[in-house]
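Chemist: Okay, here's what each chain looks like letter by letter:
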Amino acid sequence: MSEEEGTKEYAYFLGCITPNRYPGIEAATKRILKEFGIETKEMMGASCCPAPGVFGSFDMHTWLPVAARNLAIAEEMDLDIVVTCNGCYGSLQEADHLLKGNPKLKEKTNEILGKFGREFKGTTKVNHSIVVLHDVIGLDRLKEKITKPMNGVNVAVHYGCHFLKPREVRGHGSSETPYILEDLVKVTGAKDVDYKDKLMCCGAGGGNRTADSVQSLEWMRQKLVSAIEEGCDCMVHPCAFCHLQLDRGQAEMNKAFGTDYNFPILFATQFLGLAMGLSEKECGLDIQTTTMPEKLLK
Amino acid sequence: MGTLYEDMVAYGGEVFGKEHMETLRECVQCGKCTGGCPSGRNTAFRTRKLFQMALTDMREEIFNSPELWFCSTCYTCYERCPKGVKTTDLIRTIRNLAAKEGHMSVPHRMIGVYVLKTSHAVPLGPAQMELRKAVGLDEMAPTAQKYKDQLEQVQTIFKTTGYDAMIDFDWDTMNLKGMDKGGKK
Chain E
0 MSEEEGTKEY
10 AYFLGCITPN
20 RYPGIEAATK
30 RILKEFGIET
40 KEMMGASCCP
50 APGVFGSFDM
60 HTWLPVAARN
70 LAIAEEMDLD
80 IVVTCNGCYG
90 SLQEADHLLK
100 GNPKLKEKTN
110 EILGKFGREF
120 KGTTKVNHSI
130 VVLHDVIGLD
140 RLKEKITKPM
150 NGVNVAVHYG
160 CHFLKPREVR
170 GHGSSETPYI
180 LEDLVKVTGA
190 KDVDYKDKLM
200 CCGAGGGNRT
210 ADSVQSLEWM
220 RQKLVSAIEE
230 GCDCMVHPCA
240 FCHLQLDRGQ
250 AEMNKAFGTD
260 YNFPILFATQ
270 FLGLAMGLSE
280 KECGLDIQTT
290 TMPEKLLK
Chain Z
0 MGTLYEDMVA
10 YGGEVFGKEH
20 METLRECVQC
30 GKCTGGCPSG
40 RNTAFRTRKL
50 FQMALTDMRE
60 EIFNSPELWF
70 CSTCYTCYER
80 CPKGVKTTDL
90 IRTIRNLAAK
100 EGHMSVPHRM
110 IGVYVLKTSH
120 AVPLGPAQME
130 LRKAVGLDEM
140 APTAQKYKDQ
150 LEQVQTIFKT
160 TGYDAMIDFD
170 WDTMNLKGMD
180 KGGKK
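Those sequence lines, one after another, are chains E and Z. Per numbering that gives the first Met the number 0, numbering through the first sequence is continuous, rising by one, with the last residue being 297. Per numbering that gives the first Met the number 0, numbering through the second sequence is continuous, rising by one, with the last residue being 184.
Derived from the structure by calculation, the hints contain no laboratory data. These figures come from a predicted structure and were not determined experimentally. Quick reminder that beta carbons are idealized off the backbone N, C-alpha and C, glycines included. Misleading hints may appear alongside valid ones.
What the hints assert, rightly or not - What follows is a list of derived Cβ distance ranges for each label pair: (1) E:T176 with Z:P141: 33 to 43 angstroms; (2) E:E175 with Z:T159: 37 to 47 angstroms; (3) E:K195 with Z:Q51: 41 to 51 angstroms; (4) Z:P65 with E:D259: 26 to 36 angstroms; (5) E:D259 with Z:M57: 19 to 29 angstroms; (6) E:E38 with Z:E18: 35 to 45 angstroms; (7) Z:P81 with E:G100: 20 to 30 angstroms; (8) E:G137 with Z:V105: 40 to 50 angstroms; (9) Z:P141 with E:P102: 12 to 22 angstroms; (10) Z:P125 with E:V168: 30 to 40 angstroms; (11) Z:A126 with E:L296: 19 to 29 angstroms; (12) E:P292 with Z:A9: 33 to 43 angstroms; (13) E:R140 with Z:P65: 42 to 52 angstroms.
To be verified - Chain Z is faced by these chain E residues, among others (derived, beta-carbon under 10 angstroms): (14) M43; (15) E110; (16) L163; (17) V224.
Please model the complete structure; the sequences and the hints are all you need to start from.
Modeler: Given below as structure tokens:
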């Protein structure tokens, strides 16, 4: 890994939702990391992670080799991975953890990957983009680049589930008292506002959205209402899959429940991007369902 | 086929380790899982009840219950269980066994179809190519959807593990069997 001279490179594992539904997340993330001398390299031939609560619920013995193949691609690039979706983070990190701890499982998995000449070795590290921002770049350096402070903006932080949990695999401390996203929000000058359902799931994971979309949207409605009731102006999160549920889900929810919500949803790098002077368009915030209020764009 | 518990330990044990699965027997039915469950707050899904049913071998009742699929795998119960029961991994294991025995909805099986056709559970289409161009990105990321030989690697995994057969995938129509005739198995 080339950490010398202040440059670092990551293999950017895109997953599905980021490149195929919300490319603004991809664009904003690449722009911000580049601003701090971090290059993101494309992972040629990567696939779905595959979704941990979905394929992990259907057939772990398929879920695991598909995840291992993605890990192997980064290993071949001799780079650590960076992700912008908790689903990808969940799958790749868990697969890596399980394979490293179980030689028999690793052997079985590599028998499958060997059919097309690949091998999981266990030489890459799976990183979440918000951890790269918080720990590798650091709050001090981030603060220097804030040109459009978010003073007066009240933010509801949403973690999603698989970034923090299970803590024995994720390693970000207590899942009940997280701090990484809060720090990233506060560095922009915005206020991190506590709200009732802050730690609740968006409702989409584990195939729940597919099993019963209206029921899954109801969880999200409760979450959004509890943030709106605390006077929040927007929600900031680290997960492309949550983004799909929270953003596009609002249109589905309005249709299903006859409501009229338009609560702004931003991925962490889109929010930071605005605070660092990127435009709404550059962050892809003009091509999603929920719209950005003047307060966030001024 | 053994009892549901035995099958869970054998099947889930291969991936998570037997001890991980055996935590099910530590459950004291305190209900802390159900108490913090976002699904339990909105649906008839009861984590505590599911584990009691698993321990008393109520396989068919569990497999036939739609609530089994209302867990979002949020891990809140996993983090909070005072007895260290590996709740979410146990639920995923039960679901794997249910799926193997044919209890899998068409929408859930369709997710596998998307991956088999494109390598993505949420594939790229023409409209999204325009979105990508709007933010200055290439219209198609270099994923396995773009390269046939890479997609074939993903397909090889699904064929090897029998996932294609599990969801009744038809390689001729690249869809679920019978779906081309508007049928729903």
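Chemist: Each hint: holds or not?
Modeler: Hint-by-hint comparison with the structure:
With their beta carbons about 39 angstroms apart, E:T176 and Z:P141 fall inside the hinted range of 33 to 43 angstroms. Judged by the Cβ atoms, the range 37 to 47 angstroms given for E:E175 and Z:T159 holds: they are separated by roughly 41 angstroms. At about 30 angstroms, the beta-carbon gap between E:K195 and Z:Q51 misses the expected band of 41 to 51 angstroms. At roughly 30 angstroms, the beta carbons of Z:P65 and E:D259 sit within the given window of 26 to 36 angstroms.
Here the CB-CB span from E:D259 to Z:M57 is close to 44 angstroms, at odds with the stated 19 to 29 angstroms. Range check, E:E38 to Z:E18: Cβ separation about 42 angstroms, and the 35 to 45 angstroms hint holds. Distance hint check for Z:P81 and E:G100: the Cβ-Cβ separation is about 25 angstroms, which falls inside the suggested range of 20 to 30 angstroms. The hint said 40 to 50 angstroms for the Cβ distance between E:G137 and Z:V105, and at roughly 48 angstroms that hint holds.
In this structure the supplied range 12 to 22 angstroms is violated for Z:P141 paired with E:P102, their Cβ-Cβ distance being about 33 angstroms. The beta-carbon spacing between Z:P125 and E:V168, approximately 38 angstroms, falls within the hinted interval of 30 to 40 angstroms. Distance hint check for Z:A126 and E:L296: the Cβ-Cβ separation is about 25 angstroms, which falls inside the suggested range of 19 to 29 angstroms. At about 55 angstroms, the CB distance of E:P292 to Z:A9 disagrees with the hint of 33 to 43 angstroms.
Against the hinted window of 42 to 52 angstroms, the Cβ-Cβ separation of E:R140 and Z:P65 comes to about 50 angstroms, which satisfies the hint. With 10 angstroms as the threshold, the beta carbon of E:M43 comes within range of chain Z, its nearest partner Cβ sitting at about 5 angstroms, so the hint holds. With its C-beta approaching chain Z no nearer than about 9 angstroms, E:E110 sits inside the 10 angstroms limit, and its interface hint holds. Checking E:L163 against chain Z: minimum C-beta separation of about 8 angstroms stays under 10 angstroms; hint holds.
The restraint placing E:V224 at the interface with chain Z is violated, with a minimum CB-CB distance near 13 angstroms, outside the 10 angstroms limit.
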